[in-house]
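Asker: Residues per chain are reported as follows:
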Amino acid sequence: MRGPDPDVVRLPSQSGATLCLLGNRCSQCGTVAFPKLPVCPRCGRNETMEEVEIGRTGRLYSHTIAYVAPAGFRAPFFQAFIDLPEGPRIFSLIGSECPVECGALEDGMLMRLVVEPVADTPEQGQKLTYKYVPQDPNNGAPA
Amino acid sequence: MRAVAIIGVGSHPTGRFHDRPLKALAYPAIWGALEDAGVTPADIGVAYVGNSLAGLLTGQEGVRGQVVLQHSGLNGLPIVNVENACASAATALRGAWLEVASGAVDVALAVGVEKMNVGDSARTIGALSAVSELDLSEMGMQFTASYAIHPKVNLKSRMRDYGWTAADFAKPAVKNSFNGSLNPLAQHQRRLTIEEVVQSRIVVDPLTLLMCSSISDGAAAAVLCAAELAPRFTSKTPIRIASCVLQSGVYRLPGDARPDSATTSAFAAYEKAGVSPEDLQAIELHDAMAPAELMLYERLGLCAEGEGPRLIDERVTTLDGRVPVNPSGGLCSRGHPVGATGLLQICELVWQMRGEAGTRQIVPRPHVTMAQNQGGLLLGQDSAAYAVTILTD
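Chains as they are written, first to last, in the numbering used here: chain A, 342 to 484; chain B, 597 to 989.
Bear in mind the hints are in silico, worked out from the structure with no lab data behind them. Careful: at least some of the hints might be erroneous.
Label-pair restraints from in silico Cβ distances [unchecked claim]:
hint : chain 1 : residue 1 : chain 2 : residue 2 : range
1    : B       : G715      : A       : P426      : 43 to 49 Å
2    : A       : M342      : B       : S753      : 35 to 41 Å
3    : B       : P850      : A       : V380      : 15 to 21 Å
4    : A       : P379      : B       : R612      : 21 to 27 Å
5    : A       : R343      : B       : R787      : 30 to 36 Å
6    : B       : I790      : A       : N387      : 49 to 55 Å
With the Cβ distance kept under 8 Å, some of the chain A side facing chain B (calculated, not the full set) [to be verified]:
hint : residue
7    : C367
8    : S368
9    : P376
10   : S403
11   : Y408
12   : V409
13   : P411
14   : G413
15   : Q420
16   : P426
17   : R430
18   : S437
19   : C439
20   : T462
With a straight-line cut-off of 20 Å between C-alpha atoms, the simulated EDC-like cross-links for lysine to aspartate or glutamate are [as the list claims (entries may be wrong)]:
hint : chain 1 : residue 1 : chain 2 : residue 2
21   : B       : K752      : A       : E442
22   : B       : K748      : B       : E894
23   : A       : K377      : A       : D424
24   : A       : K468      : B       : D731
25   : A       : K468      : B       : E734
26   : A       : K468      : A       : E457
27   : A       : K377      : B       : D852
28   : A       : K377      : B       : E734
29   : B       : K619      : B       : E657
30   : A       : K377      : B       : E729
31   : B       : K748      : A       : E442
32   : A       : K377      : A       : D346
33   : A       : K468      : B       : E729
34   : B       : K832      : B       : E952
35   : B       : K748      : B       : D801
36   : A       : K377      : B       : D731
37   : B       : K752      : A       : E394
38   : B       : K752      : B       : E903
39   : A       : K468      : A       : E447
40   : B       : K752      : B       : E631
Backbone N, C-alpha and C fix where the C-beta goes; we use that ideal spot for every residue, glycine too.
Could you put the whole structure together from the sequences, leaning on the hints where they help?
Answerer: Have a look at this one:
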């Protein structure tokens, strides 16, 4: 198993640190970027960005089901954008514990960060990445 | 800067040409443009060649321009290879325009060519996904989703906020299929109905197959010269490049109040050309997915936010309307060989402005037209490249 990139995802540690993403925040204007940027995307200052732990949870901004997949991925699969409380709106796949069906997700619902293989395929199955799943699996799911 | 005119255009038909490599697709487009312009290879001072996917799909990673031009008998001249995703051909046009406008050369050639049918559609879709920033494509972003749920084109919020329906999303595809049915060079020449489009299989919800441009091979070319030299080569109406704008996307954060980049690039083109949206008499725009045409109506200043479907309902943008949009059939019907599309748009506008568009000729002949071409996707919530060209006669 490879990854995830230690510059993007901080895995849980024995000292009690919990899973999170690594972004960076501008010390001058407070803007948070993910993935990390060397230059602040809002105020344009150089060398003001400082690493910050983000994304333990987020809110689902938008989502859909793709029925056609690029090579290395298996359709159908969810595509989503997640609003992180720290500011960034990021693209993410949805973790495999969430069934790929209409009604499993609802825009605005609270999401939780997980780490799992990029896709369940020979090409991507050995590579870990971050994804999100509903915080409360019953919220928004059909009864 | 001197005035620049397009004096010749040519294109290869768009569609599925399994046995035809890149250079064989480019050849009829290049010679079509040379003969249309009345020039010979010796007259060409410089050539810009746009292509996006041949590295991944055919293995021709470098020197694609030199390969296709030498095959067509153009040797020794300066050749610049251009990659700018689905805006590659418009970017090639801009390079050729600047060369002539600056006085560096008198005559320049712009070519766009793409070979997408390689017998494995998953590989082609993978290559298309790779024109997004690698962080996105490696995460599994399916590029079609950028036309469905991306913050810049969130169709579900359109359904919620303006009551748009699947039938609304289908309207541009149906309108453009009629135009495509009159275009012998188009990939799809069958007229579609709203029901057919809505009921075709879902690709990325709510986009159905017939709302999406399909995998396509094709090529297009244009010959540009200093406007005052045009009569030396041809008696046809020279088509002036009134403005040619290229922008890259900007890094957007949620709540970004700045106008969309499609808007800023279009309005920069209006300003440089000294025209306004009401002056346009024909538009070729980037409807890679049919509903994108509705969003672009707003962003080009043709209507207020949410009013896109009305422009088709009221026949403003149909072939017989006040400002016909995508008379060629657009990306969904004419076809979208990605690195050729920007120049396929220019070919159509030149034919329309000269009155050479056959049964799909806009009447009266348009005098002010726009080509809008964009491509790629960045992590910063925006497309990578926006190219807008305004033509006048």
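Asker: Now tell me if each hint is right for this structure.
Answerer: For each hint, the structure was consulted:
{"no.": "1", "hint": "B:G715 / A:P426: 43 to 49 Å", "verdict": "holds, 46 Å"}
{"no.": "2", "hint": "A:M342 / B:S753: 35 to 41 Å", "verdict": "holds, 38 Å"}
{"no.": "3", "hint": "B:P850 / A:V380: 15 to 21 Å", "verdict": "holds, 19 Å"}
{"no.": "4", "hint": "A:P379 / B:R612: 21 to 27 Å", "verdict": "violated, 44 Å"}
{"no.": "5", "hint": "A:R343 / B:R787: 30 to 36 Å", "verdict": "violated, 50 Å"}
{"no.": "6", "hint": "B:I790 / A:N387: 49 to 55 Å", "verdict": "holds, 53 Å"}
{"no.": "7", "hint": "C367", "verdict": "violated, 11 Å"}
{"no.": "8", "hint": "S368", "verdict": "violated, 17 Å"}
{"no.": "9", "hint": "P376", "verdict": "holds, 6 Å"}
{"no.": "10", "hint": "S403", "verdict": "holds, 4 Å"}
{"no.": "11", "hint": "Y408", "verdict": "holds, 5 Å"}
{"no.": "12", "hint": "V409", "verdict": "holds, 5 Å"}
{"no.": "13", "hint": "P411", "verdict": "holds, 4 Å"}
{"no.": "14", "hint": "G413", "verdict": "holds, 7 Å"}
{"no.": "15", "hint": "Q420", "verdict": "holds, 4 Å"}
{"no.": "16", "hint": "P426", "verdict": "violated, 11 Å"}
{"no.": "17", "hint": "R430", "verdict": "holds, 5 Å"}
{"no.": "18", "hint": "S437", "verdict": "violated, 12 Å"}
{"no.": "19", "hint": "C439", "verdict": "violated, 15 Å"}
{"no.": "20", "hint": "T462", "verdict": "violated, 10 Å"}
{"no.": "21", "hint": "B:K752 / A:E442", "verdict": "holds, 17 Å"}
{"no.": "22", "hint": "B:K748 / B:E894", "verdict": "holds, 13 Å"}
{"no.": "23", "hint": "A:K377 / A:D424", "verdict": "holds, 16 Å"}
{"no.": "24", "hint": "A:K468 / B:D731", "verdict": "holds, 14 Å"}
{"no.": "25", "hint": "A:K468 / B:E734", "verdict": "holds, 10 Å"}
{"no.": "26", "hint": "A:K468 / A:E457", "verdict": "holds, 8 Å"}
{"no.": "27", "hint": "A:K377 / B:D852", "verdict": "holds, 19 Å"}
{"no.": "28", "hint": "A:K377 / B:E734", "verdict": "holds, 17 Å"}
{"no.": "29", "hint": "B:K619 / B:E657", "verdict": "holds, 14 Å"}
{"no.": "30", "hint": "A:K377 / B:E729", "verdict": "holds, 14 Å"}
{"no.": "31", "hint": "B:K748 / A:E442", "verdict": "violated, 25 Å"}
{"no.": "32", "hint": "A:K377 / A:D346", "verdict": "holds, 12 Å"}
{"no.": "33", "hint": "A:K468 / B:E729", "verdict": "holds, 19 Å"}
{"no.": "34", "hint": "B:K832 / B:E952", "verdict": "holds, 11 Å"}
{"no.": "35", "hint": "B:K748 / B:D801", "verdict": "holds, 16 Å"}
{"no.": "36", "hint": "A:K377 / B:D731", "verdict": "holds, 12 Å"}
{"no.": "37", "hint": "B:K752 / A:E394", "verdict": "violated, 31 Å"}
{"no.": "38", "hint": "B:K752 / B:E903", "verdict": "holds, 16 Å"}
{"no.": "39", "hint": "A:K468 / A:E447", "verdict": "violated, 28 Å"}
{"no.": "40", "hint": "B:K752 / B:E631", "verdict": "violated, 48 Å"}
Of the numbered hints given earlier, the model fails hints 4, 5, 7, 8, 16, 18, 19, 20, 31, 37, 39 and 40; all others are met.
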